[in-house]
Amino acid sequence: MRNTTPLLRGMTQARYGRRDMLRFSGLTAAGLALSACGVSGQGQKPVAADDFWQGKKETGNLTFANWPLYIDPERTPLKKFTEATGIKVDYREDVQDVAAFAGKLQPQLAAHDSTGYDMFVLTYGIELARFLALGYLAPLDQSRMPNFTANLGEAYRQNSFDPGCRFTAPYASGITGIAYNPKYVKREITSIADLWDPAFEGKVGMMSDAQEIANFGLLLNGVDPATSTEKDWQDAAAKLQQQRDDGIVRAYYAQDYVQPLTNGDVWLTMAWSGDIYQQNASAGTDLEFVVPKEGATIWTDVMCIPTTSEAPVDSLKLIDFLYRPDIAAELTEYITYIPPVPETQNVIREHAQQASGAKRKELLELAGSPMVFPTEEEYSRLHNYVSVKPGKESSFTNVFHAITQA
Amino acid sequence: MRRKLTPYLLALPGWAWLALFFIVPIAGMVSLSLTSGNIITGFHQTFNIGNYTEALNLYSEQLFRSLFYGLSATLIAIAIGYPAAYWIAFKAGKHKSTYLLLLLLPFFVSFVLRTISWKFTLSDQGIVLGTLKNIGLLPTDFAVLNTAPAVVLGLAYNFLPFMVLPIYAVLERMDHRVVEAAHDLYASRLQAFLRVVLPISLPGVFAGGLMTFIPTTADYVNATVLGGPETTMIGSIIQTQYLVNNDYPIAAAITFVLMAVLLIGIFSYARALGTERVMEVQAK
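Protein chains in written order, with my numbering: chain A, 9 to 414; chain B, 35 to 318.
The hints are simulated quantities; they were obtained by calculation from the structure and are not laboratory data. Take these hints with a grain of salt, some might be off.
Each pair of labels, with its calculated beta carbon distance range [said to hold, decoys possible]:
| no. | chain 1 | residue 1 | chain 2 | residue 2 | range |
| --- | --- | --- | --- | --- | --- |
| 1 | B | Gly170 | A | Ala262 | 53 to 59 angstroms |
| 2 | B | Pro59 | A | Ala291 | 44 to 50 angstroms |
| 3 | B | Glu88 | A | Ala56 | 36 to 42 angstroms |
| 4 | A | Glu373 | B | Trp51 | 58 to 64 angstroms |
| 5 | B | Lys128 | A | Ala262 | 19 to 25 angstroms |
| 6 | A | Lys191 | B | Leu139 | 35 to 41 angstroms |
| 7 | A | Gln116 | B | Val146 | 46 to 52 angstroms |
Even for Gly, the Cβ is constructed at its ideal location relative to N, Cα and C.
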């Protein structure tokens with residue numbers, strides 16, 4: 009098992025000098041005195057790309073943390089990667105919640121320790137901005153990433169979190185919109201305001217994540233999340249508070265809203281495009297997904313390599329491999345989220361031509377789905393997340409957690 | 035000389051363990067709870083008592099709610115667990131261990147999975163509520179999921195074995211002749227239970243109560259999975275402050291407030307029931 013290697017190394021190599029030992033033996037006695045110092049600055053000095061990559065070698069193994077259900081169960085793209093390069097991938101579905109995952113890694117990264125992950129997926133948002141500000145992420149050596157440079161969609165290069173994608177490589181994007189179950193909702197849902205409709209009292213699901221819920225409050229008020237101010241946050245929070253106080257919200261979901269929506273526990277809910285597409289495709293449900301007229305948000309999950317990665321070269325290779333259009337298409341066919349490689353749409357159409365029957369229909373639907381390949385008009389209604397300055401997160405999240413966690 | 039030292043030497047690993055993994059971290063947390071700053075600039079020691087007042091101001095509601103949920107879950111666990119333990123100890127005969135195993139069997143399944151399966155069971159149109167609604171016993175908009183009762187029942191269910199086992203252990207060791215003696219002295223079955231069996235079993239109830247009340251009060255899984263907008267417990271707040279907001283001082287301050295409240299509660303509880311008897315019975 010790869011995760012045991014740091015432990016093994018720790019046991020087999022003399023990692024502590026004599027002075028370290030002395031310091032360590034004094035630690036218990038000095039525990040009280042020491043602990044009075046608080047926690048010092050958490051940042052690392054930023055590294056230049058050349059310095060970081062100098063002398064780094066391939067190890068033949070890498071550990072990759074990602075969201076659950078974000079690759080096919082057979083892990084086909086990873087198997088192909090291993091075939092092509094000989095590098096083994098230990099793939100873990102450990103990211104259940106970006107904030108909690110990042111929070112868990114924080115102390116290890118601050119101490120400049122290995123996190124056990126050589127690369128992981130985060131989302132363009134508060135946590136990623138913080139990691140960038142603290143210098144925890146390795147600069148990507150794009151000169152060694154031919155597929156990435158050739159195939160990454162132009163829109164992704166121009167994101168506000170990491171302009172030029174110097175530290176991050178988009179994995180997939182999705183839309184946070186509204187999903188509803190037509191079995192219970194007897195009219196067409198078109199706007200965020202429908203989530204405030206007293207007719208759906210106790211049947212509306214909202215997301216518990218501060219950034220997600222903030223976006224919907226802001227959009228309802230006609231404010232663009234990306235440029236919102238603290239005053240806007242307060243106003244949005246007031247709207248969300250009223251929705252809660254009126255008993256309209258059934259629950260605030262982290263990511264487990266699909267089953268309640270299918271069961272009828274909630275009738276309409278904030279939802280991620282790919283989840284609804286997958287549920288309809290796999291469970292045969294007829295859930296509807298809409299990009300509300302006030303707008304919705306597009307989020308992007310990105311792959312990144314921590315500076316403490318033990319296999320940065322292997323990770324870089326895997327990232328680049330996932331940008332091969334045929335691999336990206338395969339990935340998209342399973343996860344049904346928006347791929348960062350525009351060419352994917354054509355590849356999926358080609359796959360559809362080669363397939364037949366149900367499979368062909370499914371692939372054509374996918375290539376034509378606005379949930380996976382949004383139209384220009386829909387793109388124009390999609391906004392980025394609120395950009396919160398690192399160090400200011402608490403003032404943002406506290407405003408919204410006061411609603412979702414009261 | 036050496037003989038005198040032996041017990042201390044034997045106790046040494048235990049003390050070292052406690053010092054390293056309990057006392058040092060606790061001291062570190064106390065210190066952390068008094069710092070100010072943020073994750074970018076670091077947290078600096080300023081002996082900022084304000085963290086505690088802020089924690090209490092912002093989260094006293096969730097704190098009292100958690101205590102209330104914990105207490106309710108504990109009482110429900112006693113109400114369900116005591117008869118179960120009593121029955122297994124006195125009436126199950128030679129199949130005692132089979133019944134104990136059956137009782138514990140569901141708890142071999144992961145805690146989170148068990149909690150999530152309640153979500154299916156209690157769903158508005160699910161096997162229980164859906165059926166009752168179809169035959170007209172419940173109004174169609176009746177719901178259990180995402181309410182306080184769902185959270186409390188989830189807690190009581192998940193921690194039931196911690197209540198049953200200590201009570202069972204005490205009852206099982208009880209000398210049956212004392213009950214016969216009570217009957218010989220013309221006690222009715224109820225009197226024999228109230229005046230003989232119950233007092234003997236109280237230490238088990240005490241131990242079970244502690245083992246249920248403390249973890250249920252600090253739990254956050256049940257509230258997250260089964261709860262709704264009005265059921266956030268203090269455990270979720272600590273988790274959010276620590277992992278999501280990275281506001282370590284506030285998280286540490288809430289932790290200590292919770293710990294203090296629990297300790298005060300437990301000491302008064304121990305006073306009321308008398309801890310010496312607990313020790314006495316455990317020693318036998």
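Evaluation of the provided hints:
For the pair Gly170(B) and Ala262(A), the beta carbons lie near 35 angstroms from each other, so the given range of 53 to 59 angstroms is not met. Judged by the Cβ atoms, the range 44 to 50 angstroms given for Pro59(B) and Ala291(A) holds: they are separated by roughly 46 angstroms. Distance hint for Glu88(B) and Ala56(A): a CB-CB separation of about 41 angstroms, consistent with the stated range 36 to 42 angstroms. At about 60 angstroms, the CB distance of Glu373(A) to Trp51(B) agrees with the hint of 58 to 64 angstroms.
The hinted window of 19 to 25 angstroms between Lys128(B) and Ala262(A) is violated, with their beta carbons roughly 48 angstroms apart. Here the CB-CB span from Lys191(A) to Leu139(B) is close to 37 angstroms, well matched to the stated 35 to 41 angstroms. Range check, Gln116(A) to Val146(B): about 24 angstroms between beta-carbon atoms, so the 46 to 52 angstroms window is missed.
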